[in-house]
Amino acid sequence: MQYRIILATVLTSGLFAGCAIHHPQTAAEFRAAAPGATFGKKESFVVDRQFDDVAHTFEEQAPKCLEKRVKMTESGHMYHHVVVTRYTPTVLVSNDSAELHLQFEHEQGVMAVSEMPENGYYLMVADASRLADNKTQIDMYRPSMGYDTIVRAVKGWATGDNIGCPDLTK
Amino acid sequence: MKYLLSAFVFTASVLAGCSGLKSYPNTSAKNLDIHTRTDSGSFLSSTRASLDIFSVNKACQTSYQGSVTLDKETRTIGLPAERPSYLVFRFESSSFLANSSSATSYDTLLTPLPDRHYDVDVRYLDGIYSVTILERTTGDRKANRIAPVELKDC
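Respectively, the protein sequence lines represent chains A and B. Taking our numbering, the leading residue of the first sequence gets 1, the next gets one more, and so forth. Taking our numbering, the leading residue of the second sequence gets 1, the next gets one more, and so forth.
A couple of the hints might just be wrong.
[What the hints assert, rightly or not] Computed list of lysine to any residue pairs in SDA-like fashion (alpha-carbon distance at most 25 Å, straight line):
hint	chain 1	residue 1	chain 2	residue 2
1	A	K68	B	R116
2	A	K71	B	R37
3	B	K72	B	S42
4	A	K64	B	L97
5	A	K64	B	N99
6	A	K64	B	R141
7	A	K71	B	K152
8	A	K64	B	L110
9	A	K64	B	T62
10	A	K64	B	L134
11	A	K155	A	Y79
12	B	K22	B	L97
13	A	K71	A	K42
14	A	K71	B	L134
15	A	K68	B	S94
16	A	K64	B	S28
17	A	K68	B	E82
18	A	K68	A	R130
19	A	K64	A	P35
20	B	K22	B	D126
21	B	K152	B	R141
22	A	K42	A	E105
[Stated by the list, open to error] Okay, the calculated bits of chain B under chain A, using three or more residues with CB under 8 Å as the criterion:
hint	stretch
23	27-37
24	48-60
[Stated by the list, open to error] On the chain A side, residues computed to face chain B include the following (Cβ under 7 Å):
hint	residue
25	R69
26	E74
27	H77
28	Y79
29	G146
30	T149
31	V151
32	A153
33	D167
Bear in mind the hints are in silico, worked out from the structure with no lab data behind them. Backbone N, C-alpha and C define an ideal beta-carbon position, used for all residues, glycine too.
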């Protein structure tokens with residue numbers, strides 16, 4: 001868990017935004033900042049799945065799996081550390097595109113050092129766009145390290161191969 | 001004397017395997033098979049699955065009935081038919097080296113119908129978990145997937 005706490009501190013300290021004090025306040029700002037950020041990246045791929053199915057899976061799974069408050073504890077000989085994190089997903093669907101935003105806010109254990117948007121810092125944005133031949137374009141703006149289970153879960157929702165929930169404590 | 005009594009109660013509790021969780025009485029007709037598979041994905045950690053069962057009254061208030069440890073590949077339990085039960089599947093992970101623990105859960109309402117049998121597939125594989133509930137008429141092989149129902153939709 002120490003790794004997660006360090007990473008979360010780094011993400012919330014502004015390094016994700018390229019060492020600027022200003023942290024992305026909107027999904028659009030996050031999309032612009034992530035590819036060039038120290039710990040961010042953009043990942044794009046095409047799935048052999050109808051856009052409507054992908055959008056439906058985002059709408060169904062995101063609230064169920066990601067709208068959670070997570071408490072992690074770690075204790076040792078001289079310390080006891082508790083981190084409480086609230087995750088908030090948002091899914092926006094239109095005719096030919098769907099957006100999944102995931103935001104997080106540490107309610108206990110990690111100090112926020114930059115301005116935080118409503119519902120918390122952006123952790124990930126996944127865009128799905130309708131393509132021809134029943135295919136769908138996926139563009140993920142995400143951390144380049146850590147949060148592997150969330151990334152794998154969202155990819156599973158896009159491909160339809162593994163419709164499970166990520167353990168947000170991992 | 002007080003310390004002796006405390007020590008006795010503590011020792012008795014430990015010896016009795018007191019975990020603080022009530023075992024589910026499991027007295028209703030058996031209508032639910034729970035198939036569990038867990039793999040933490042690392043030899044340095046382990047993941048345990050369990051199920052907390054709550055009854056739900058007409059005002060949608062829950063009452064804890066007990067827990068079932070999902071430590072076997074298949075467990076069979078009975079839920080009262082035609083009455084909603086609130087099921088909370090818990091996945092608890094612990095790391096051997098870091099002395100850390102964490103838990104996540106998946107919850108749903110389920111109202112079993114009479115003459116129906118339910119198969120629940122519970123999986124936790126390398127950080128991704130899922131709970132799938134299938135309903136079939138007793139003696140019929142065809143099954144329907146039951147969508148999760150949130151407690152707030154009671």
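Checked hints:
1. A:K68 <-> B:R116: 32 Å, violated
2. A:K71 <-> B:R37: 24 Å, holds
3. B:K72 <-> B:S42: At roughly 20 Å apart (the allowed maximum being 25 Å), B:S42 and B:K72 satisfy the hint.
4. A:K64 <-> B:L97: The hint is violated at about 31 Å.
5. A:K64 <-> B:N99: 29 Å, violated
6. A:K64 <-> B:R141: 29 Å, violated
7. A:K71 <-> B:K152: 22 Å, holds
8. A:K64 <-> B:L110: 16 Å, holds
9. A:K64 <-> B:T62: Distance of about 20 Å is within 25 Å: holds.
10. A:K64 <-> B:L134: Holds - the C-alpha atoms of B:L134 and A:K64 are around 18 Å apart, at most 25 Å.
11. A:K155 <-> A:Y79: 37 Å, violated
12. B:K22 <-> B:L97: Status violated; Cα separation ~30 Å.
13. A:K71 <-> A:K42: Not OK: A:K71 and A:K42 at ~29 Å, beyond 25 Å, violated.
14. A:K71 <-> B:L134: 31 Å, violated
15. A:K68 <-> B:S94: 20 Å, holds
16. A:K64 <-> B:S28: 29 Å, violated
17. A:K68 <-> B:E82: Measuring from Cα to Cα gives roughly 30 Å; hence the hint is violated.
18. A:K68 <-> A:R130: With a Cα-Cα distance of about 29 Å, the restraint between A:K68 and A:R130 is violated, given a limit of 25 Å.
19. A:K64 <-> A:P35: With Cα atoms ~28 Å apart, A:K64 and A:P35 exceed 25 Å; violated.
20. B:K22 <-> B:D126: Given that 25 Å is the threshold and the Cα spacing comes to 29 Å, the pair is violated.
21. B:K152 <-> B:R141: With Cα atoms ~32 Å apart, B:K152 and B:R141 exceed 25 Å; violated.
22. A:K42 <-> A:E105: Given pair A:K42, A:E105 holds - Cα atoms ~22 Å apart, limit 25 Å.
23. 27-37: n = 0 at 8 Å, threshold three: violated.
24. 48-60: That given contact is violated, which follows from only 0 residues of the stretch 48-60 of chain B lying within Cβ reach (below 8 Å) of chain A.
25. R69: Violated, because the Cβ-Cβ distance from A:R69 to chain B comes to roughly 11 Å (cut-off 7 Å).
26. E74: Constraint on A:E74 satisfied, holds at 4 Å.
27. H77: 9 Å, violated
28. Y79: Since the shortest Cβ distance to chain B is 10 Å, the answer is violated.
29. G146: At 12 Å from the nearest chain B Cβ, A:G146 fails the 7 Å test, so the hint is violated.
30. T149: 4 Å, holds
31. V151: Violated. Min distance 10 Å.
32. A153: Holds. Min distance 6 Å.
33. D167: 5 Å, holds
Hint compliance for this structure: hints 1, 4, 5, 6, 11, 12, 13, 14, 16, 17, 18, 19, 20, 21, 23, 24, 25, 27, 28, 29, 31 are not met, and every other hint is.
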